[in-house]
Amino acid sequence: MNNNRWRTVDVVVAAVLGVAFGVIFWAWGLLWDGPASAIPLPGRALVYGIWLVPAVLGPLVIRKPGAGIFTEFVAATVSTFFGSPWGLVTLLYGLFQGVAGEFAFAATGYRSWRLPTAIVGGALAGGAATLLDVINYYPDTSAAWKWAYAALLVLSSAVIAGVGGWLLTRALAQTGVLDRFPRAATARSYDPGPHMIRANGL
1046 MNNNRWRTVD
1056 VVVAAVLGVA
1066 FGVIFWAWGL
1076 LWDGPASAIP
1086 LPGRALVYGI
1096 WLVPAVLGPL
1106 VIRKPGAGIF
1116 TEFVAATVST
1126 FFGSPWGLVT
1136 LLYGLFQGVA
1146 GEFAFAATGY
1156 RSWRLPTAIV
1166 GGALAGGAAT
1176 LLDVINYYPD
1186 TSAAWKWAYA
1196 ALLVLSSAVI
1206 AGVGGWLLTR
1216 ALAQTGVLDR
1226 FPRAATARSY
1236 DPGPHMIRAN
1246 GL
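The working numbering applies: residue 1046 is where the sequence shown begins, and numbers increase by one.
Keep in mind that the hints are not guaranteed to be accurate.
As the list claims (entries may be wrong) - Now the in silico label distances, taken between C-beta atoms and shown as ranges:
#1 1136 - 1051: 20 to 30 angstroms
#2 1219 - 1190: 33 to 43 angstroms
#3 1177 - 1208: 17 to 27 angstroms
Since the hints were made in silico from the structure, they are not lab data. The beta-carbon is built from N, C-alpha and C at its ideal position, and this holds for glycine as well.
Construct the entire structure; sequences and hints are all you get.
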């Protein structure tokens, strides 16, 4: 049996996560260009990480190849549909950020779901966002500004998307919601207690 094969419930759950975060993305975009604009760039990059959460949360919940790409791209698509301030370029961001976040899990052969892997996934997704932002929006800024922006954005992504996504997954598992997934037998291993953490790759 191929445990990496997507089942219908995997697609549904990933899509639900993507849609939920798509609405959050849209609302966050309004805040970014609204109240949060009082924080000058590059400092505002410290709250950027919310846009990268699905790239980490998807793999942690679904535990199948492509989950980060799918969830992040669905979120970007929904955000665009609701009227993202950045238009269709949001889809490009969703794709690249999803691929970057996915890479951290792919590099382990989809065997590690521990906090360090989630942090790396968040940081990589943040790196992809940084590259796209610098190319599309800030090409004329100084090198020092670009490096500061990159450092703050990657830090934000590692903490909000990486640590936040990992904690959110554990919180969902504690409620029993993840017991409905195809891997119901191991769903509790998201927060299994100290005696099972090593055995289940957390």
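(request) Please flag the earlier hints that this structure goes against, numbers listed from lowest up. (result) none
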